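Q: These are the residues of each chain, in order.
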Amino acid sequence: MKKIVIIDYGSGNIRSVFNALNNVSNDKAIDLRVSSAIEDIKSASHIILPGVGSFKSCISGLKKTGIHQHLKNIVLENRVPFLGICVGMQMLATKGFENGEFSGLNWIKGEVKKINPNSNKLKIPHMGWNTLKFEKETDFTRKLLKKIKSSPTDEITAYFVHSYNFKIKDESEKIVTTNYGEEITAMVSKENIIGTQFHPEKSHLFGLAFLQTFIEERQV
Amino acid sequence: MKDAGDPVEQATIYSREGADEITFLDITATHQKRQPMLEVIKKTAENCFVPLTVGGGIRNISGVTEFLLAGADKVSINSAAIKNPNLIRESSRKFGSQCIVVAIDAKKESNGWNVFINGGRVDTGLDAVEWAKRAEALGAGEILLTSMDKDGTKTGFDLELTSIISNSINIPLIASGGVGSLKDFLDGIKVGGASAVLAASVFHFKEITIREVKNYLKSKNINVRMDNFEKEKYE
Chain A
0 MKKIVIIDYG
10 SGNIRSVFNA
20 LNNVSNDKAI
30 DLRVSSAIED
40 IKSASHIILP
50 GVGSFKSCIS
60 GLKKTGIHQH
70 LKNIVLENRV
80 PFLGICVGMQ
90 MLATKGFENG
100 EFSGLNWIKG
110 EVKKINPNSN
120 KLKIPHMGWN
130 TLKFEKETDF
140 TRKLLKKIKS
150 SPTDEITAYF
160 VHSYNFKIKD
170 ESEKIVTTNY
180 GEEITAMVSK
190 ENIIGTQFHP
200 EKSHLFGLAF
210 LQTFIEERQV
Chain B
0 MKDAGDPVEQ
10 ATIYSREGAD
20 EITFLDITAT
30 HQKRQPMLEV
40 IKKTAENCFV
50 PLTVGGGIRN
60 ISGVTEFLLA
70 GADKVSINSA
80 AIKNPNLIRE
90 SSRKFGSQCI
100 VVAIDAKKES
110 NGWNVFINGG
120 RVDTGLDAVE
130 WAKRAEALGA
140 GEILLTSMDK
150 DGTKTGFDLE
160 LTSIISNSIN
170 IPLIASGGVG
180 SLKDFLDGIK
190 VGGASAVLAA
200 SVFHFKEITI
210 REVKNYLKSK
220 NINVRMDNFE
230 KEKYE
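Protein sequence lines correspond, in order, to chains A and B.
Counted from 1, the first sequence has number 30 at position 31 by numbering that gives the first Met the number 0; the numbering is strictly sequential.
Counted from 1, the second sequence has number 14 at position 15 by numbering that gives the first Met the number 0; the numbering is strictly sequential.
Hints listed in this document are in silico derivations from the structure and should not be mistaken for laboratory results.
Since the model is a prediction, treat every value here as computed from it, not as a measurement.
Note that the Cβ used here is the ideal one computed from N, Cα and C, for glycine as well.
It is possible that part of the hints are untrue.
Said to hold, decoys possible - The calculated lysine-lysine pairs, modelled on DSS-like cross-linking and capped at a C-alpha distance of 25 angstroms, are: (1) K219(B) to K62(A); (2) K189(B) to K153(B); (3) K122(A) to K153(B).
Claimed, not checked - Selected chain B positions facing chain A (Cβ under 8 angstroms, derived; list incomplete): (4) S14; (5) K32; (6) A44; (7) E45; (8) L68; (9) Q97; (10) I221.
Said to hold, decoys possible - So these bits of chain A aren't anywhere near chain B, every CB distance computed over 10 angstroms: (11) I40; (12) K55; (13) K94; (14) G180; (15) S202.
All chains, full assembly: derive it from the sequences and hints.
A: Take a look at the structure:
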């Protein structure tokens with residue numbers, strides 16, 4: 000039986016993440032829960048780390064609860080499928096530079112820095128729908144695109160709300176980008192770890208297909 | 000007033016048709032209707048997976064919190080922001096500018112446009128352009144501008160008002176009030192300089208569909224989100 004755990008570490012409103020997953024996991028054989036209990040996280044088949052707020056408040060929330068230590072074993076060693084959304088993705092970085100300098104989980108090397116659109120006509124935060132550019136094909140993107148019967152060059156849009164950009168060190172881990180005055184990392188991936196800057200839970204049918212593809216991932 | 004149907008059902012239909020965002024404005028909000036409104040937000044958030052903006056009857060920061068926790072992504076504040084401008088500052092600091100929308104109902108007066116509150120019944124004497132600038136300075140993330148003169152007329156947005164305000168602020172402006180034709184949407188963006196256009200009755204009464212609007216805007220080279228795959232394609 001699948002057990003999908005949305006980690007609740009006090010990062011703000013995560014109801015919409017729950018609602019969207021509930022919509023795609025409409026199956027009695029799936030146990031979907033929002034939890035901060037270590038036992039739940041340890042027994043999860045899929046882990047989702049949402050993130051609303053600043054890098055600092057999210058990472059300190061995660062560390063304060065001690066969840067980050069357990070996540071390391073579960074995600075890096077046991078290779079449980081993991082999805083970080085928005086700041087939940089940014090926290091995978093080595094460092095974050097939102098109102099100071101803070102250490103991240105360092106699972107995907109890189110730094111999170113403020114977006115600097117070269118045209119001052121662009122407003123910060125980057126808020127709204129934007130077109131995705133599939134930079135690389137992975138097993139996940141292949142399944143996702145198949146599900147929505149699209150090719151990587153089709154116009155696919157997702158919903159963004161953020162002011163900071165995850166600048167990835169290793170290009171091979173940058174899977175999807177979008178453009179907002181500069182190249183914005185929209186999706187990262189490394190082995191069982193996936194992160195999205197966009198909000199799949201607010202990205203309508205594409206977003207639902209994304210979450211569905213994620214919960215179909217298997218532990219390897 | 001005409002009843003345009005069940006809000007949750009309508010919102011679900013619109014999100015399927017390609018609406019980029021859903022907005023609920025309860026213009027007759029009262030204390031008694033608070034609970035039913037929260038129910039509507041909650042049910043809509045369970046069924047619609049696009050951003051949801053909700054306004055009407057917010058008096059203080061706990062009202063903002065209640066709407067957000069029920070599932071709204073953005074909250075629109077109108078009368079309360081006039082009575083207590085600090086509410087804009089307080090709520091944008093707490094939740095981020097991105098979820099605080101200040102709604103302005105404006106009406107033409109002899110030397111400009113005044114801001115009206117309480118569903119357009121009370122003239123505040125405030126200049127709409129100045130108020131929009133102040134709302135931005137206080138931390139509003141968006142301005143939802145409704146022309147009281149144009150609302151319900153189906154003769155297009157008040158383009159003069161829309162363009163004066165959109166040129167005075169650096170946050171997105173959503174134009175509202177007056178849409179009757181496809182060209183009105185285009186004018187709101189091209190002439191009025193709006194970042195987004197809002198319509199209600201033409202959609203509710205099926206005079207225009209969302210898809211028609213999007214196809215039309217696309218044909219006029221406006222950057223709009225087109226669903227590149229239909230619901231039927233989705234497994």
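Q: Take the hints in turn and mark each one as holding or not.
A: Hints, verified against the model:
1. K219(B) to K62(A): violated (51 angstroms)
2. K189(B) to K153(B): Holds: K189(B) and K153(B) sit about 18 angstroms apart, inside 25 angstroms.
3. K122(A) to K153(B): violated (31 angstroms)
4. S14: With Cβ-Cβ at 6 angstroms, under 8 angstroms, it holds.
5. K32: Hint violated; K32(B) Cβ to chain A Cβ min 22 angstroms, cut 8 angstroms.
6. A44: A44(B) check passes; min Cβ-Cβ to chain A is 6 angstroms, inside 8 angstroms.
7. E45: Since chain A brings a Cβ to about 5 angstroms from E45(B), closer than 8 angstroms, the hint holds.
8. L68: Nearest chain A Cβ about 6 angstroms off; hint holds.
9. Q97: holds (5 angstroms)
10. I221: Nearest chain A Cβ about 13 angstroms off; hint violated.
11. I40: Its Cβ never comes within 10 angstroms of chain B, the nearest being 23 angstroms, so this holds.
12. K55: holds (14 angstroms)
13. K94: Nearest chain B Cβ is 22 angstroms from K94(A), so the label holds.
14. G180: About 15 angstroms separates G180(A) from the closest Cβ of chain B, which puts it past 10 angstroms; holds.
15. S202: violated (7 angstroms)
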